[in-house]
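With the hints as extra help, turn the sequences into a complete structure.
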Amino acid sequence: MLPILQLGPLAIQLPGLLLLVGVWVGVTLAERQAPRHGVPPAQLNNLVFLGLVAGLIGARLGYAVRYADVYLASPLSLLALTPVTLAPIDGAATGLIVSLIYAQRKELPLWATLDSLTPGLASVMVALGFAHLASGDAFGAPASLPWSVDLWGAARHPSQVYEILAAVAIMVLVLRLDRKAQFPGMAFLVFIALTAGARLFLEAFRGDGVIVLNGPRQAQLGALIVLLLALVALHLRARAEIPPLPQGEHIEKT
Amino acid sequence: MTKDVGRLRLAINWSGWMQDQARWTALVVGVAVLGAAWIAYSAAPASATTGGHIPSPREGFQAPSFALTNPAGETTRLEDLRGQVVVLNFWASWCPPCKAEMPDLQAAHMANKDRGLVILGINSTIQDSADAALSFASAQGITFPILLDRTGEVSRQYLVRALPTTFFIDRQGIIRKVVVGGPMSEATLTSTVRNLLEAGS
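Note that the protein sequences, when read in sequence, are chains A and B. Going by this note's numbering, the first residue of the first sequence is number 3, and it counts up by one from there. Going by this note's numbering, the first residue of the second sequence is number 553, and it counts up by one from there.
None of these hints come from the bench; they were simulated from the model. Virtual Cβ for every residue (Gly too), placed ideally from N, Cα, C. Mixed in with the good hints, there may be bad ones.
[Unchecked claim] To spell it out: a stretch of chain A is covered by chain B in this simulated footprint if at least three of its residues, at any positions, have a beta carbon under 8 Å from a beta carbon of chain B; those stretches are: (1) 63-70; (2) 166-177; (3) 228-238.
[What the hints assert, rightly or not] Over 12 Å on every C-beta distance to chain A, these chain B residues come out as not near it, computed from the model: (4) Thr577; (5) Ala584; (6) Glu626; (7) Ser645; (8) Leu669; (9) Gly693.
Structure (structure tokens):
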């Protein structure tokens, strides 16, 4: 755990830096994939950039609206660098809406665009694992195992390490699959299904999750729903895009 | 070459599977059943997660207890402040962002001290001097308690790695927000304090 990198007078927040690296690698990967999916790389780049900037603005405004009088009294606080005064859900919604509007205006093909973004998303998930490792967030449930780590006053599952391993495995799979995908949307949907599946499995070892109805973990319920939706979507996409073939003709066809 | 063909076949079989309604339905149902079973198996009582009971310097955990003295030698104990909203601000007199946020902390103290807010300015005296801390505080007209962490014990306990670092603790003694670095904006301070004061009253 190393949340702050102290370079002389400069205190660098390592988790944020790691996420930034993840986004940078992600955008680079996405730009490289774009032409193969028939998406102009420059437009994909704009899409991501606009989404991120809009997300950041939306997150701060969303927070400020809740404390309107405070921010009216000191409007410059809107520009403060503190991440705690961001409203994450408001930000995600704003970023998504702005990206969608941009994609629609540029008439980007939905599934191909999502496929181009997939390796980038996978790299952000890896970076997120490292960011959690640096900050000690998303920590594990107490457990006495040979590989337990001491964190937050208890021996715990190294849940951040599990998270990184799963994210790396998914990224490798998705990068391989991307070249062999059979229809637009396959790489993206497989990525979503695998990520949801990993969360469903690994959440059991977390010590910070929300528990609903005194039993199930909220994140697991959400992950299972996303996983099932992704599987259903894969089936529907496969049927819509590939003409059904009799068994045995597959190899010749490709 | 053979390996490539094998891989190709694997990929093709998958999409064949995806198109096959009966097989894919079986897969979806299987995943749903297995997933639900895993959720049931890993279910835990609400007290199993969230730190609540373990003292640790992060959000959602109980604030580690400490006792520190002010320059006059009077001791303040964190446990004694249970029931009030506590803001712990770790600072040093040589740290410009710490000095920059002091007036806002003082303003918050004046505005909320009768509503159940306690601000403690914990001077990291091990890397400062008590005299410098005191003269800065009196020059600024600081009236909230300044405590001296002479051995650095409390800074270590709170894993303070950058100055200033500010901990917001609710009336139950649980840390609700941590702001590392500064100066934090006036709005960050005001909105957080108000939130905690309203939550507990």
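Status of each hint after checking the structure:
no.	hint	result
1	63-70	holds (count 4)
2	166-177	violated (count 0)
3	228-238	holds (count 6)
4	Thr577	violated (8 Å)
5	Ala584	violated (6 Å)
6	Glu626	holds (29 Å)
7	Ser645	holds (15 Å)
8	Leu669	holds (15 Å)
9	Gly693	holds (20 Å)
Going through the hint list in order, the structure does not satisfy hints 2, 4, 5.
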